[in-house]
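Residue numbers are given in the UniProt record's numbering: position 339 of the sequence shown equals residue 339, and the series is strictly consecutive.
Rather than coming from a laboratory, the hints here were simulated on the basis of the structure.
Glycine included, each C-beta is placed from N, C-alpha and C at the ideal position.
It cannot be assumed that every hint is accurate.
Stated by the list, open to error - Pairs of lysine-lysine, DSS-like flavour, derived with a Cα cap of 30 Å:
{"hint": "1", "residue 1": "Lys-465", "residue 2": "Lys-268"}
{"hint": "2", "residue 1": "Lys-179", "residue 2": "Lys-286"}
{"hint": "3", "residue 1": "Lys-252", "residue 2": "Lys-319"}
{"hint": "4", "residue 1": "Lys-268", "residue 2": "Lys-252"}
{"hint": "5", "residue 1": "Lys-286", "residue 2": "Lys-14"}
{"hint": "6", "residue 1": "Lys-397", "residue 2": "Lys-418"}
{"hint": "7", "residue 1": "Lys-442", "residue 2": "Lys-378"}
{"hint": "8", "residue 1": "Lys-402", "residue 2": "Lys-442"}
{"hint": "9", "residue 1": "Lys-378", "residue 2": "Lys-400"}
{"hint": "10", "residue 1": "Lys-447", "residue 2": "Lys-378"}
{"hint": "11", "residue 1": "Lys-286", "residue 2": "Lys-268"}
{"hint": "12", "residue 1": "Lys-383", "residue 2": "Lys-418"}
Unchecked claim - Ranges of calculated distance between the beta carbons of each label pair, as one might list FRET restraints:
{"hint": "13", "residue 1": "Asn-254", "residue 2": "Thr-314", "range": "17 to 27 Å"}
{"hint": "14", "residue 1": "His-73", "residue 2": "Thr-314", "range": "17 to 27 Å"}
{"hint": "15", "residue 1": "His-73", "residue 2": "Ser-177", "range": "12 to 22 Å"}
{"hint": "16", "residue 1": "Arg-454", "residue 2": "Asp-419", "range": "27 to 37 Å"}
{"hint": "17", "residue 1": "Gly-298", "residue 2": "Asn-254", "range": "36 to 46 Å"}
{"hint": "18", "residue 1": "Ser-365", "residue 2": "Thr-342", "range": "35 to 45 Å"}
{"hint": "19", "residue 1": "Gln-350", "residue 2": "Pro-184", "range": "42 to 52 Å"}
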Amino acid sequence: MVLQDMERLSDVVKLSAHVTRVLGQNPGQMTLQGTNSYLLQPPSNPLAPIILIDTSSPHTAQQYVDLLVTHLHHLGLESGVREVHFESTYAANSLKLLPEDQIEGVKAQIVGERSDEPRTQEIELVEYGPHAKWTENEGKTRRLPSIEHIILTHRHLDHVGALPVLLKTLKSLGLPSPKIWKLPSPDEVELAHSDRDRPTTDAALLSSLPNGAYTSFSPFQPFHPVLPGLMISIIDPAYRRLLKHDAQGKPKWNEVPELARVSVRCLKTPGHTQDSISLVLVEGEKGVFTGDTVLGQGTTVFTDLATYMTSLKTLLALKPSVLYPAHGPHITTPTACAAHITEYINHRQQREDEIISLLSSVNSSGALARLLREHGEKRAEEKAAKEKYNAEFHSGKPYKPKKKPEDKDGEGQGKEDKDPMDAFEGDQPALPVPLLCRLLYKTDDEKIIFAANRSATAHLQKLEKDSRVKRVTVVLPKIIDGTVGEPEPQEGWQLAQSEPQSEA
Numbered sequence: 001m002v003l004q005d006m007e008r009l010s011d012v013v014k015l016s017a018h019v020t021r022v023l024g025q026n027p028g029q030m031t032l033q034g035t036n037s038y039l040l041q042p043p044s045n046p047l048a049p050i051i052l053i054d055t056s057s058p059h060t061a062q063q064y065v066d067l068l069v070t071h072l073h074h075l076g077l078e079s080g081v082r083e084v085h086f087e088s089t090y091a092a093n094s095l096k097l098l099p100e101d102q103i104e105g106v107k108a109q110i111v112g113e114r115s116d117e118p119r120t121q122e123i124e125l126v127e128y129g130p131h132a133k134w135t136e137n138e139g140k141t142r143r144l145p146s147i148e149h150i151i152l153t154h155r156h157l158d159h160v161g162a163l164p165v166l167l168k169t170l171k172s173l174g175l176p177s178p179k180i181w182k183l184p185s186p187d188e189v190e191l192a193h194s195d196r197d198r199p200t201t202d203a204a205l206l207s208s209l210p211n212g213a214y215t216s217f218s219p220f221q222p223f224h225p226v227l228p229g230l231m232i233s234i235i236d237p238a239y240r241r242l243l244k245h246d247a248q249g250k251p252k253w254n255e256v257p258e259l260a261r262v263s264v265r266c267l268k269t270p271g272h273t274q275d276s277i278s279l280v281l282v283e284g285e286k287g288v289f290t291g292d293t294v295l296g297q298g299t300t301v302f303t304d305l306a307t308y309m310t311s312l313k314t315l316l317a318l319k320p321s322v323l324y325p326a327h328g329p330h331i332t333t334p335t336a337c338a339a340h341i342t343e344y345i346n347h348r349q350q351r352e353d354e355i356i357s358l359l360s361s362v363n364s365s366g367a368l369a370r371l372l373r374e375h376g377e378k379r380a381e382e383k384a385a386k387e388k389y390n391a392e393f394h395s396g397k398p399y400k401p402k403k404k405p406e407d408k409d410g411e412g413q414g415k416e417d418k419d420p421m422d423a424f425e426g427d428q429p430a431l432p433v434p435l436l437c438r439l440l441y442k443t444d445d446e447k448i449i450f451a452a453n454r455s456a457t458a459h460l461q462k463l464e465k466d467s468r469v470k471r472v473t474v475v476l477p478k479i480i481d482g483t484v485g486e487p488e489p490q491e492g493w494q495l496a497q498s499e500p501q502s503e504a
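Whenever a hint applies, use it, and build me the whole structure from the sequences.
So this is what it looks like as structure tokens:
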């Protein structure tokens, strides 16, 4: 998806009474506008503790943390007003409207009024600035709200990568150490043996965190484990007296006004990763924070398709009124939420059908070579059309394609260029995953093919469990950056014998 075609999202925006979104400052092809992290806070008090859901990438950690801390300062400012100062642009421009001989008198008058009554005429010559002083509001001290809980929806670096910088910054500001909540990765051992996934293991994350900057669950378990059905809650300290307990010691949350509390209930939704979770907001609009299981736009990748489909159906059964995804805009109505999740389910079924259709189409002799030639011709036409558009756009003149250089002295006459696709002739009923992705996604972009490999493999593994396809060894060339290599043995996939074939 092209970034220019995406909806522009604000860096910080309040989405509801309880929910504020802070953008991760890490836009990209896989992260869209950037990772959405969410601050959950009781609306009753801007100094109430906060629940933070996810962070940002390692390479944008400092930008993200600076943005987050700035927002915490703004929340702190809501608990009081700043005294008048005359160095700001607004104040200077306002004073220019007065005669010079009256400026000092007006300054003295404003300072006197503010000394007698700090909150009088708050908007008059008041602006946030480095020389302003603080006036307490109704006994609330000047401080920042604390982040009491940090919940990680899964292990990927664009969600956990800013955690070390954030913890170090919170500690330097004198704020209490937060609790870090995460579902332990069920595939931790397999991830540790993979060069690609090792940096995203729980052990790698833990080793990157500064000592003494977070509150451990126990001396042997630093992260607080997320359990299905677990509720993580915040109550405005000013209303804590309203929280009562029954005879068994269970808190009666419903007796505390929603204005003074915020809580989420944890839900396992594996598929994107095995440690993926979603969070159901108990108060307000009762929205669902979906992590990377469902995005605001586009589709997501997954490691286990069957499990992922179950998670999608679980989210659909919740009948959410709002979806808060980890990437892309939020979905704001029950109808739109249901349609969005249903579209995800249908898209996966459609992709499965397309894989079966593609494998069926190469079951006849010479079909694979024909498909690759057609694929090459269409990509060449698209490339030529793009070159024509770019040339005419920049020059403003009709495009004239470059002529191919002619042979000198008749060299090359009588010789025919060998078609590299001849290597794919013959009976080739199976496809390696990279070749399948090339034809399925209609692209020669190696980055897209590489990114699609894992999702396509997950589809094939599900189809293998359903006895619709099987793995075989196939001898075919690899195509890399348009160059066809020599034939070599590699893993391929073909239809199971029981699968009905479609006409090529």
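Hint check results:
no. : hint                             : in the structure
1   : Lys-465 with Lys-268             : holds, 23 Å
2   : Lys-179 with Lys-286             : holds, 23 Å
3   : Lys-252 with Lys-319             : holds, 25 Å
4   : Lys-268 with Lys-252             : holds, 25 Å
5   : Lys-286 with Lys-14              : holds, 16 Å
6   : Lys-397 with Lys-418             : violated, 36 Å
7   : Lys-442 with Lys-378             : holds, 9 Å
8   : Lys-402 with Lys-442             : holds, 26 Å
9   : Lys-378 with Lys-400             : holds, 20 Å
10  : Lys-447 with Lys-378             : holds, 19 Å
11  : Lys-286 with Lys-268             : holds, 17 Å
12  : Lys-383 with Lys-418             : holds, 22 Å
13  : Asn-254 with Thr-314: 17 to 27 Å : holds, 25 Å
14  : His-73 with Thr-314: 17 to 27 Å  : violated, 39 Å
15  : His-73 with Ser-177: 12 to 22 Å  : holds, 20 Å
16  : Arg-454 with Asp-419: 27 to 37 Å : holds, 32 Å
17  : Gly-298 with Asn-254: 36 to 46 Å : holds, 38 Å
18  : Ser-365 with Thr-342: 35 to 45 Å : holds, 40 Å
19  : Gln-350 with Pro-184: 42 to 52 Å : violated, 34 Å
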